[in-house]
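**Q** So the chains spell out like this:
4 protein chains.
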Amino acid sequence: MAHSPTPHDKFTFGLWTVGNRGRDPFGDFVRPPLDPVTAVHRLAELGAWGINFHDNDLVPIDATPAERDRIVRDFRHALDSTGMTCPMATTNLFTDPVFKDGAFTSHDPRVRAYALQKTMHAMDLGVELGARTYVFWGGREGAEVDAAKDPVEAIKRFRDAIDFLCEYALDQKYALRFALEAKPNEPRGDIYFPTTASYLALIPTLAHPEMVGVNPEVAHEHMAGLNVFHAVAQAIEAGKLFHIDLNDQKPGRFDQDLRFASESMKPLFFLVKLLEESGYDGPRHFDAHAYRTEDQEGVWDFALGCMRSYLILKEKAQQFCQHAGIQALLAEIRDTGDTGDVGPYTRERANELKAQTVDRAALTRRRLPYERLDQLVIELLLGV
Amino acid sequence: MAHSPTPHDKFTFGLWTVGNRGRDPFGDFVRPPLDPVTAVHRLAELGAWGINFHDNDLVPIDATPAERDRIVRDFRHALDSTGMTCPMATTNLFTDPVFKDGAFTSHDPRVRAYALQKTMHAMDLGVELGARTYVFWGGREGAEVDAAKDPVEAIKRFRDAIDFLCEYALDQKYALRFALEAKPNEPRGDIYFPTTASYLALIPTLAHPEMVGVNPEVAHEHMAGLNVFHAVAQAIEAGKLFHIDLNDQKPGRFDQDLRFASESMKPLFFLVKLLEESGYDGPRHFDAHAYRTEDQEGVWDFALGCMRSYLILKEKAQQFCQHAGIQALLAEIRDTGDTGDVGPYTRERANELKAQTVDRAALTRRRLPYERLDQLVIELLLGV
Amino acid sequence: MAHSPTPHDKFTFGLWTVGNRGRDPFGDFVRPPLDPVTAVHRLAELGAWGINFHDNDLVPIDATPAERDRIVRDFRHALDSTGMTCPMATTNLFTDPVFKDGAFTSHDPRVRAYALQKTMHAMDLGVELGARTYVFWGGREGAEVDAAKDPVEAIKRFRDAIDFLCEYALDQKYALRFALEAKPNEPRGDIYFPTTASYLALIPTLAHPEMVGVNPEVAHEHMAGLNVFHAVAQAIEAGKLFHIDLNDQKPGRFDQDLRFASESMKPLFFLVKLLEESGYDGPRHFDAHAYRTEDQEGVWDFALGCMRSYLILKEKAQQFCQHAGIQALLAEIRDTGDTGDVGPYTRERANELKAQTVDRAALTRRRLPYERLDQLVIELLLGV
Amino acid sequence: MAHSPTPHDKFTFGLWTVGNRGRDPFGDFVRPPLDPVTAVHRLAELGAWGINFHDNDLVPIDATPAERDRIVRDFRHALDSTGMTCPMATTNLFTDPVFKDGAFTSHDPRVRAYALQKTMHAMDLGVELGARTYVFWGGREGAEVDAAKDPVEAIKRFRDAIDFLCEYALDQKYALRFALEAKPNEPRGDIYFPTTASYLALIPTLAHPEMVGVNPEVAHEHMAGLNVFHAVAQAIEAGKLFHIDLNDQKPGRFDQDLRFASESMKPLFFLVKLLEESGYDGPRHFDAHAYRTEDQEGVWDFALGCMRSYLILKEKAQQFCQHAGIQALLAEIRDTGDTGDVGPYTRERANELKAQTVDRAALTRRRLPYERLDQLVIELLLGV
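Residue numbers (my numbering), protein chains in the order written: chain A, 1 to 384; chain B, 1 to 384; chain C, 1 to 384; chain D, 1 to 384.
The set of hints was computed from the structure by calculation and includes no laboratory data. Since the structure is predicted, the reported quantities are computational estimates derived from the model, not experimental observations. Hints may be right or wrong, so weigh each one.
Taking beta-carbon pairs under 8 Å as the criterion, some of the chain D residues facing chain A (in silico) [claimed, not checked]:
id, residue
1, Asp24
2, Asp28
3, Ala207
4, Gln296
5, Glu297
6, Thr336
Backbone N, C-alpha and C define an ideal beta-carbon position, used for all residues, glycine too.
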């Protein structure tokens with residue numbers, strides 16, 4: 001059947017996404033807890049490839065070692081029996097009150113030490129279950145009160161933590177890459193490293209930059225009104241797209257984590273096209289959740305919808321490349337009749353350039369039929 | 001007189017700021033052209049240190065060599081006779097229709113070549129007048145139609161241009177540093193490198209990263225709802241704060257370029273405090289303009305207001321450091337009673353950390369009196 | 001041909017939309033002036049029904065009576081020879097510097113008087129050319145400096161102006177209805193009556209509320225991140241949708257006036273569906289303009305694209321009503337198995353209600369398959 | 001002591017504000033439950049005048065009648081013994097899962113009936129404790145999926161509910177006025193009646209418009225980037241400011257409910273000035289909560305800070321009126337040298353106006369020294 005997901009598509013979900021129980025700042029849970037084993041089975045039936053988790057999505061923070069072992073055994077058994085993978089893991093450094101003012105950037109060295117401890121244990125757990133990518137989302141690394149915390153010091157503390165954990169991974173011979181995930185605000189008034197680019201700027205300053213990339217999230221860039229297609233393009237150009245969080249969001253409001261492509265069809269069409277054409281071969285991870293109005297069955301509708309919309313947009317990306325009208329316009333736009341680029345600097349080239357006479361009006365007259373092109377894209381998306 | 005600016009304060013304005021004539025998308029000019037020589041004299045009288053320009057703020061794009069020479073001679077004479085400096089210059093790569101789809105990122109290699117030509121001439125002009133910092137704001141480097149332009153290619157083209165121009169500066173033995181200025185949108189639907197962090201991420205990939213830093217602008221970060229204090233802190237931590245554009249802006253709307261600190265007293269207090277305490281010794285540049293309701297005299301009210309507000313906030317930054325209540329709270333917040341940091345990774349340290357028993361509830365109980373601290377800051381700002 | 005506009009579709013454009021010359025705050029004109037007569041002919045050829053104007057779109061503000069008469073004669077001849085209508089007119093109360101601090105809300109009674117004068121003349125002109133709807137967009141009725149203007153007084157002044165002009169229309173026996181158009185900001189820092197609802201709240205307080213309705217604009221509601229479908233629904237529920245401005249806009253940024261449905265396919269699908277199903281039979285007016293990258297031919301691509309997208313969404317609205325899966329879900333959602341509503345208040349009904357035992361958990365269990373429904377809508381839109 | 005609150009200032013807090021336990025979408029409770037009796041005593045000690053509540057802030061949703069009676073008796077005793085008032089009450093129609101898709105606008109008539117039942121009981125409780133204002137915040141009256149709910153029908157359902165409840169209040173001879181509170185989004189994707197103006201537009205269509213006004217909330221207008229001073233001014237002009245929710249918020253993000261005036265000193269200065277000068281004599285209600293980083297003692301810091309900042313801004317509003325420089329500028333701005341207004345419409349007046357010759361350039365030349373005025377306001381606020 002058309003647009004039916006298969007493991008070949010590499011779709012993954014977080015345990016916390018299908019397991020979201022619908023609590024929000026103004027309302028209580030509406031759905032019962034979802035057993036991780038059930039999640040694995042249902043996602044496998046829908047055609048997903050894998051499932052990811054925060055340590056405490058799987059193992060409660062106060063579980064005994066015996067409980068932990070039982071849970072992990074059952075979960076692994078579910079993975080094995082369904083063929084599902086667990087390609088990514090991450091640490092919950094935000095739910096427990098101990099992290100109320102940050103984890104790696106806390107003022108309190110004991111909290112920072114605990115955050116490292118918790119992350120090392122969670123890395124062990126992730127690797128044990130097969131994870132190759134380890135995500136860091138610093139949900140509490142921020143401030144409401146800028147008098148209280150030095151943002152320069154916060155950057156240094158965060159760097160120290162990542163450097164420490166890279167060493168740990170290397171020392172343990174874990175085949176892990178780190179992917180840093182940005183968000184501008186919520187739950188903190190402002191979060192440090194608010195955009196994907198903030199992490200791209202940090203990475204070259206790390207002790208092991210080659211191990212560390214980014215995990216852009218659609219909703220998080222949209223919250224700041226930024227163009228997520230451009231943000232992911234910069235990550236790809238830098239060789240740093242190590243993971244991606246797909247969902248949707250209306251700009252300029254609370255973090256919605258909506259079903260993929262349920263709001264932003266056009267931007268996400270370009271994002272899917274970019275992912276598919278870039279050679280990115282990592283998971284297509286959905287970090288979203290069902291509306292609070294849904295019951296548990298609606299969660300599976302939600303999950304299927306995410307995957308279907310990705311596949312539909314992927315198909316349209318192929319159509320874009322085969323669409324005669326679009327390709328003709330692109331050829332016209334790109335064909336400037338010129339012989340080529342300036343090339344690298346030489347003094348002669350510079351002098352030559354400086355001496356050129358330029359007919360600005362003539363250059364301006366070249367047509368750029370972008371309205372027509374964009375309308376063809378809209379009609380391609382609308383299936384006309 | 002208190003809060004009266006002097007050249008010692010290093011305040012600078014752009015010719016385009018005090019020369020802004022009040023045209024907007026819905027209305028015509030309301031103020032006559034301002035002669036650059038007059039601008040120099042009036043700003044000098046007000047206590048400014050310097051004046052900056054785009055090439056065409058000073059020399060019209062179609063000026064003859066003779067006109068150029070006369071204008072430059074008169075301008076230099078004004079600088080000399082007032083003691084004003086010209087510490088920064090930049091290129092107008094956005095007004096002329098030839099740049100309607102970008103300058104360095106245009107599809108058309110002839111436009112890209114012209115943009116290099118224009119920039120080299122403008123660098124010559126800037127250096128001739130004393131500029132030590134060269135700003136790049138790529139106002140047209142963006143898109144409304146993502147089908148039309150490849151954002152990965154756009155990054156490469158922009159990098160090529162900056163690399164070329166670094167070589168040019170080196171070859172000319174210009175003592176110039178480049179400062180890249182980001183903006184999320186307007187006039188383009190989306191501008192590439194939308195935030196300061198996007199440029200911080202680009203710089204390490206340049207051929208001459210040591211020559212290139214950033215020029216954060218308050219309004220441009222605010223447009224995306226980001227915390228400009230955090231953005232500038234990241235630039236400082238990276239050693240890349242080469243220039244700064246001070247103004248103001250309400251978030252989530254058109255680019256307002258309001259008088260410094262006329263909207264965002266608290267965030268800009270922290271920004272001023274950071275600049276003053278960081279050792280930044282470059283210009284305090286105001287990139288703003290008077291309301292369209294003002295006549296030319298109002299422009300000087302506007303300029304004076306920018307400088308006064310900076311000095312008032314600077315004074316409050318000093319008071320913050322001497323405020324017993326604030327300092328006592330900060331000491332309490334920072335004193336965790338702990339002996340120190342985790343330190344660099346060793347296997348022993350990791351094992352020790354992993355084996356620690358942590359009393360999360362005890363750590364959580366430590367007070368963080370941020371409401372009280374923030375209220376003291378508010379009352380400091382309100383002069384209570 | 002499918003989705004080809006005809007006059008039957010009642011599509012209209014403003015002279016200022018197809019005549020937009022591409023100037024923006026950072027760049028000069030890119031397109032030559034467009035002759036109104038040419039605009040009429042080209043729009044007629046594309047299938048439009050009508051053309052609207054601000055007084056000075058047609059007649060320059062300083063035209064002599066003879067010039068005015070010649071322009072009007074030529075324009076009327078173009079209308080007559082093409083069968084185009086002119087259903088709406090409006091006043092330009094924002095371009096000229098005299099209106100820099102408002103028109104009807106200016107502090108200066110002479111400016112307020114001039115604004116009335118200009119509007120009466122423009123109403124005469126509009127009626128002469130057939131207009132039945134008169135739009136008021138108070139682009140300069142706002143403030144950057146809230147110390148300077150009393151917003152309560154501004155409301156009273158605006159009301160006085162509308163009351164005066166209603167009387168004028170009645171006295172002249174003009175068959176005109178007024179439509180008030182809101183915008184949150186730009187060009188002013190804040191504009192009074194920032195949303196459609198603000199005008200809906202004003203109307204009942206006017207002397208002639210029956211003559212006055214609203215002209216919601218998609219982009220203006222989107223600028224504030226509001227749901228334009230909900231805003232128009234409130235106008236319809238109040239019987240006050242007298243006109244509509246169709247275009248598109250990304251939220252939280254400058255006023256973009258993009259081609260209809262080029263960004264917000266899903267919200268505008270619901271808007272088109274609402275318009276078509278509500279019995280609204282006024283013009284489908286496009287208040288948008290071509291990208292600045294376009295030449296004049298691209299303007300006609302833009303105009304055709306607006307109309308085609310409307311017709312495509314209209315067709316999809318019909319498909320929605322015939323879509324078995326969607327309709328089945330809607331039936332399930334609406335069928336609560338209950339016999340009816342509470343009805344009007346009686347003491348008995350209230351007592352009965354208060355005494356009822358309610359099984360909250362049972363009510364909560366009723367399924368609301370909104371994820372599935374929304375995904376069907378997405379797939380309908382994507383033409384799957 | 002200066003800026004110390006007293007009951008004379010009419011400051012009120014919600015039980016839910018000081019009782020907020022710091023849970024957010026990403027984190028658990030950090031503070032223990034606060035006993036309502038303790039809340040009354042602590043607020044009284046701080047100088048507050050009253051305390052407000054949602055029904056379930058005081059009486060748990062599943063309390064037995066005996067529990068209810070005991071709780072109410074204890075609470076009333078606390079009020080009596082402290083002299084605290086309870087001027088406002090409201091209904092929690094959002095926490096329980098039964099309201100997941102709305103209360104008064106739910107598809108399910110049984111949910112709508114239950115919402116009426118719950119509100120009548122809560123009105124009884126509020127009146128029993130002295131409330132004179134009854135607030136309606138329809139936190140769940142909205143949608144994520146516009147296919148699922150008809151916004152026109154939603155308005156009618158909401159109107160029916162308010163009409164029913166007005167009749168109930170009248171029938172019970174309750175001396176209650178209703179105050180409707182708007183919010184654009186969160187927890188719903190979009191909430192119906194997103195702004196204060198939306199409710200101002202609804203009220204004239206109600207059966208008992210004289211009983212119903214609005215309860216504007218600072219944060220809720222700021223979320224949409226609107227000017228709350230203008231919004232409250234429109235409510236005052238309409239005679240509909242029945243209550244007000246004071247807090248603070250950065251625009252374009254999640255609902256922050258920050259300490260009053262901790263972010264937006266200038267807009268809230270104008271708001272306080274307006275309230276004080278308008279004759280508004282209702283409660284100054286704080287609908288905010290302490291940062292999640294605070295412990296319970298910090299909550300009282302937070303509460304005191306809200307009140308102090310209000311009093312400081314109130315004092316500055318008085319200084320504004322006595323500030324010679326500001327008043328001189330205002331006099332200059334308002335003195336247009338003109339003899340008066342156009343006055344009501346007469347045919348003669350219209351003809352006279354139409355025939356006037358206007359010197360636009362002369363009118364434009366009149367100075368509007370808004371930069372200077374605004375700078376004086378900034379310096380007044382900064383205590384210079």
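**Q** Would you mind marking each hint as holding or not holding in the structure?
**A** Hints, one by one, checked against the model:
This hint holds: Asp24 (chain D) has a C-beta 5 Å from the nearest C-beta of chain A, less than the 8 Å allowed. Satisfaction of the interface hint for Asp28 (chain D) is found here, the shortest Cβ-Cβ separation to chain A being roughly 6 Å, below the 8 Å cut-off. Look at Ala207 (chain D): its Cβ only gets to about 29 Å from chain A, farther than 8 Å, so that hint breaks. At its closest, the beta carbon of Gln296 (chain D) sits 13 Å from a beta carbon of chain A; the interface hint therefore is violated under the 8 Å criterion.
The beta carbon of Glu297 (chain D) is not positioned within 8 Å of any beta carbon in chain A (closest approach about 15 Å), and the interface hint is therefore violated. The restraint placing Thr336 (chain D) at the interface with chain A is violated, with a minimum CB-CB distance near 39 Å, outside the 8 Å limit.
Consistency with the previously given hints fails for numbers 3, 4, 5, 6, ordered from lowest to highest.
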